[in-house]
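Protein sequence lines, in the order shown, are assigned to chains A and B. The first sequence begins at 1 in the UniProt record's numbering and counts up by one. The second sequence begins at 1 in the UniProt record's numbering and counts up by one.
Think of the hints as simulated: they come from the structure by calculation, not from any bench. All values derive from a computational prediction rather than experimental measurement. Take the hints with a grain of salt, since some may be wrong.
For chains that are exact copies, the list does not tell them apart, and a pair is met inside one copy or across any two.
To be verified - Straight-line C-alpha distance at most 20 Å; calculated EDC-like pairs for lysine to aspartate or glutamate: (1) K258 to D360; (2) K219 to E410; (3) K219 to D30; (4) K123 to E228; (5) K258 to D30; (6) K219 to E112; (7) K361 to E184; (8) K411 to D357; (9) K7 to D257; (10) K411 to E261; (11) K411 to E291.
This is what each chain is made of:
Protein chains: 2
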Amino acid sequence: MSERPLKVALLGCGVVGSEVARLMTTTGADLAARIGSPVELSGIAVRRPARARNLPVDPELFTTDARELAARPDNDVVIEVIGGIEPARSLILSAMEAGASVVTANKALLAERGAELHAAADKFGVDLYYEAAVAGAIPLLRPLRESIVGDKVERVLGIVNGTTNFILDRMDSTGAGFDEALEEATELGYAEADPTADVEGFDAAAKAAILASLAFHTKVTAADVYREGITRVTASDVASAREMGSVVKLLAICEVDKERESVTARVHPAMIPRSHPLAGVREAYNAVFVESEAAGQLMFYGPGAGGTPTASAVLGDLVAVCRNRVNGGRAPGVSAYADLRVSPMGEARTRYHISLDVDDKAGVLAQVAQIFAQQDVSIQTVRQEGRGDDARLVVSTHAASDAALSGTVEKLRAMPTVRAVASVMRVEGD
Amino acid sequence: MSERPLKVALLGCGVVGSEVARLMTTTGADLAARIGSPVELSGIAVRRPARARNLPVDPELFTTDARELAARPDNDVVIEVIGGIEPARSLILSAMEAGASVVTANKALLAERGAELHAAADKFGVDLYYEAAVAGAIPLLRPLRESIVGDKVERVLGIVNGTTNFILDRMDSTGAGFDEALEEATELGYAEADPTADVEGFDAAAKAAILASLAFHTKVTAADVYREGITRVTASDVASAREMGSVVKLLAICEVDKERESVTARVHPAMIPRSHPLAGVREAYNAVFVESEAAGQLMFYGPGAGGTPTASAVLGDLVAVCRNRVNGGRAPGVSAYADLRVSPMGEARTRYHISLDVDDKAGVLAQVAQIFAQQDVSIQTVRQEGRGDDARLVVSTHAASDAALSGTVEKLRAMPTVRAVASVMRVEGD
Numbered sequence: 001m002s003e004r005p006l007k008v009a010l011l012g013c014g015v016v017g018s019e020v021a022r023l024m025t026t027t028g029a030d031l032a033a034r035i036g037s038p039v040e041l042s043g044i045a046v047r048r049p050a051r052a053r054n055l056p057v058d059p060e061l062f063t064t065d066a067r068e069l070a071a072r073p074d075n076d077v078v079i080e081v082i083g084g085i086e087p088a089r090s091l092i093l094s095a096m097e098a099g100a101s102v103v104t105a106n107k108a109l110l111a112e113r114g115a116e117l118h119a120a121a122d123k124f125g126v127d128l129y130y131e132a133a134v135a136g137a138i139p140l141l142r143p144l145r146e147s148i149v150g151d152k153v154e155r156v157l158g159i160v161n162g163t164t165n166f167i168l169d170r171m172d173s174t175g176a177g178f179d180e181a182l183e184e185a186t187e188l189g190y191a192e193a194d195p196t197a198d199v200e201g202f203d204a205a206a207k208a209a210i211l212a213s214l215a216f217h218t219k220v221t222a223a224d225v226y227r228e229g230i231t232r233v234t235a236s237d238v239a240s241a242r243e244m245g246s247v248v249k250l251l252a253i254c255e256v257d258k259e260r261e262s263v264t265a266r267v268h269p270a271m272i273p274r275s276h277p278l279a280g281v282r283e284a285y286n287a288v289f290v291e292s293e294a295a296g297q298l299m300f301y302g303p304g305a306g307g308t309p310t311a312s313a314v315l316g317d318l319v320a321v322c323r324n325r326v327n328g329g330r331a332p333g334v335s336a337y338a339d340l341r342v343s344p345m346g347e348a349r350t351r352y353h354i355s356l357d358v359d360d361k362a363g364v365l366a367q368v369a370q371i372f373a374q375q376d377v378s379i380q381t382v383r384q385e386g387r388g389d390d391a392r393l394v395v396s397t398h399a400a401s402d403a404a405l406s407g408t409v410e411k412l413r414a415m416p417t418v419r420a421v422a423s424v425m426r427v428e429g430d
Numbered sequence: 001m002s003e004r005p006l007k008v009a010l011l012g013c014g015v016v017g018s019e020v021a022r023l024m025t026t027t028g029a030d031l032a033a034r035i036g037s038p039v040e041l042s043g044i045a046v047r048r049p050a051r052a053r054n055l056p057v058d059p060e061l062f063t064t065d066a067r068e069l070a071a072r073p074d075n076d077v078v079i080e081v082i083g084g085i086e087p088a089r090s091l092i093l094s095a096m097e098a099g100a101s102v103v104t105a106n107k108a109l110l111a112e113r114g115a116e117l118h119a120a121a122d123k124f125g126v127d128l129y130y131e132a133a134v135a136g137a138i139p140l141l142r143p144l145r146e147s148i149v150g151d152k153v154e155r156v157l158g159i160v161n162g163t164t165n166f167i168l169d170r171m172d173s174t175g176a177g178f179d180e181a182l183e184e185a186t187e188l189g190y191a192e193a194d195p196t197a198d199v200e201g202f203d204a205a206a207k208a209a210i211l212a213s214l215a216f217h218t219k220v221t222a223a224d225v226y227r228e229g230i231t232r233v234t235a236s237d238v239a240s241a242r243e244m245g246s247v248v249k250l251l252a253i254c255e256v257d258k259e260r261e262s263v264t265a266r267v268h269p270a271m272i273p274r275s276h277p278l279a280g281v282r283e284a285y286n287a288v289f290v291e292s293e294a295a296g297q298l299m300f301y302g303p304g305a306g307g308t309p310t311a312s313a314v315l316g317d318l319v320a321v322c323r324n325r326v327n328g329g330r331a332p333g334v335s336a337y338a339d340l341r342v343s344p345m346g347e348a349r350t351r352y353h354i355s356l357d358v359d360d361k362a363g364v365l366a367q368v369a370q371i372f373a374q375q376d377v378s379i380q381t382v383r384q385e386g387r388g389d390d391a392r393l394v395v396s397t398h399a400a401s402d403a404a405l406s407g408t409v410e411k412l413r414a415m416p417t418v419r420a421v422a423s424v425m426r427v428e429g430d
């Protein structure tokens, strides 16, 4: 075992950071054995020094000068758990320039500036690990990056946001509407006071960008990801899915189109059959399906958030980069050689489930079918329900371009005999 | 990109080996991009040269001299997919001595001689990877070895044998007996002509040894693993589980007892509740639950066998060791610093579900309860069913040492009023 302890600077000491500091301190001997060298916290950058911190660390370690701490030339590893783009980005870049490897949980930064950070890691010959950025403690990025790297990933389909899964799960099991379920999620601590990043799909979109980049060896940023949140999902949508033997989930879907050499990445609510393994992912759990040419279907499941699980992922990365440090090596960089085009959502192949409130007149079905045919969308099933004012058509389509499908919905809305488009939901998973 | 191609020797060209050769040839450009260097097959060791091989490789590559091929000093990587202890072990050792990193899918060898192989890899400064040895294509060992290495694994609970899961799944869904289900599995190619290694639990026990070694950083061999197969599982056991809202699975269970600084590893059929995620693992799929202190419950799911999925795992390892080669580094070795005692099965804490055919006389329940009390086993529930000749007691226990529980069953068998012990099954997962 090496004598000189590896120096680890911690930037940020919120929910995740304080748990990282606690685990590093309490499991120090284990960490040292696994790394082959002792590790020590050399500093903890905080915003407010005065705040009482119930942590088993030397109070001298706290500093409000994150810039100075990140750029110290004797750092072996810098852990960034501040979040957001700046100052996190500048701090990471200056840490790399000073020769430190970086472990981060910052999904927003990775999704927006991943290419820049990877390039800097290559330039300065250091490691960049970020397992905690997607799906919390679930070891997912490392397998994608390393284990199935000899295979060709075709599709990634996942539940990557715990808050929205909790809300949709509650809507499904209790029949509650979105607002009511959100309220419960907030009370139980599953949703933040401002839930926008979660319920509007921004968080999932950042993760989808990271997943697509790793899975397809190309550059995809959060801005490339089509995004629809769950705020417009109604109790009636969920009930309608239930009638079909399905459940509504907020899915992140990344696909590669080999013929057109392009990828799509999208986040939106979708109906999936209850027999699909993702349908059984309850409460705030996350799960990601990976479909690849040789390995077939793989699923990774676990807690998607929380201070301790996220800190566990950070520590796993810390061990990996420290071991590389001790061995004098460096992990293989992330390859982004493919340089594939990111197609717009309109080109994605999807299926729709559409419920229409219609006039109870002869010939309405024929008119509706005509609209689908004009848009070149093939109908899989149609069900007519009710009579008179309650007359409803429930249509499931075959796969078509999303543009053709959303165009069809627009035309349907404009039909005089269609009183309302009661529900439109994409269908995935079978 | 490096100019000199990395040389890869392939030992074995059966189901997995030929798929490895095919994938290496057809995905060569992709592999080169991901590794940062071209790779080339330098030789393929086969037992029978004359056998027609429908593979897109130069026929000159085939050789029957595995020893010569393995020991060539210009090998960068040697892939061993022959299986069994010898000559696989000697070939791997000579390959390492000649400076090659090794990728293997050989669970029997790893379970029996893992420590020796890891020591040789350390001695000669080469990599040893074996993702394909457990749970086929599922990236499981790498996460255990690397991702959650900063965490403390408490328990690994998994379905790691596809053949037995297929058989038990059929027994559950059709009510078939073991023999009938095995016959179907054989016809469909899920069971081998001699199914002993699968149905008697030898295959799962080897995998449990590998999992326990990695999870708890200690040495566990196949001989340390308690093993019971599924040949004595009856249609009545499965029906009895079904009545309890459970399903019978062959589980590999590895646990650490922190207080006594010991580990247990065992493979046996057990009832798990249908609500448990492992209960939903159907047909020949594998899934492994990992419970750890910080990360919580993680599950890894996918195809557990098959030439292509297994070859995919081999290729993932190949990319990893080739990248290390290109970067001049070496992956962190496997740490086995803990050196924990392996406790015998009798010390494992388990729960039993016991069905007894009893005489329909007053006082039988009291006698039975007395036996449990004498053995210090606490009863959770007792159900009395039927009357007269069909009188039955169904007992579920609280957790106790396996020795106390199996002792209790022995005493019950000897009771004059107990006509037969109709079913004994361990209970896991809640």
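Going through the hints against the structure:
1. K258 to D360: neither (45 Å within a copy, 70 Å between copies)
2. K219 to E410: Answer is neither: 33 Å inside a copy and 64 Å across each miss the 20 Å cutoff.
3. K219 to D30: between (37 Å within a copy, 17 Å between copies)
4. K123 to E228: neither (37 Å within a copy, 54 Å between copies)
5. K258 to D30: Between copies only: 13 Å across, 45 Å inside.
6. K219 to E112: within (10 Å within a copy, 44 Å between copies)
7. K361 to E184: neither (43 Å within a copy, 54 Å between copies)
8. K411 to D357: within (14 Å within a copy, 69 Å between copies)
9. K7 to D257: Classified as neither; 45 Å inside a copy, 32 Å across copies.
10. K411 to E261: neither (31 Å within a copy, 69 Å between copies)
11. K411 to E291: The answer is neither: 35 Å in one copy and 52 Å across copies each exceed 20 Å.
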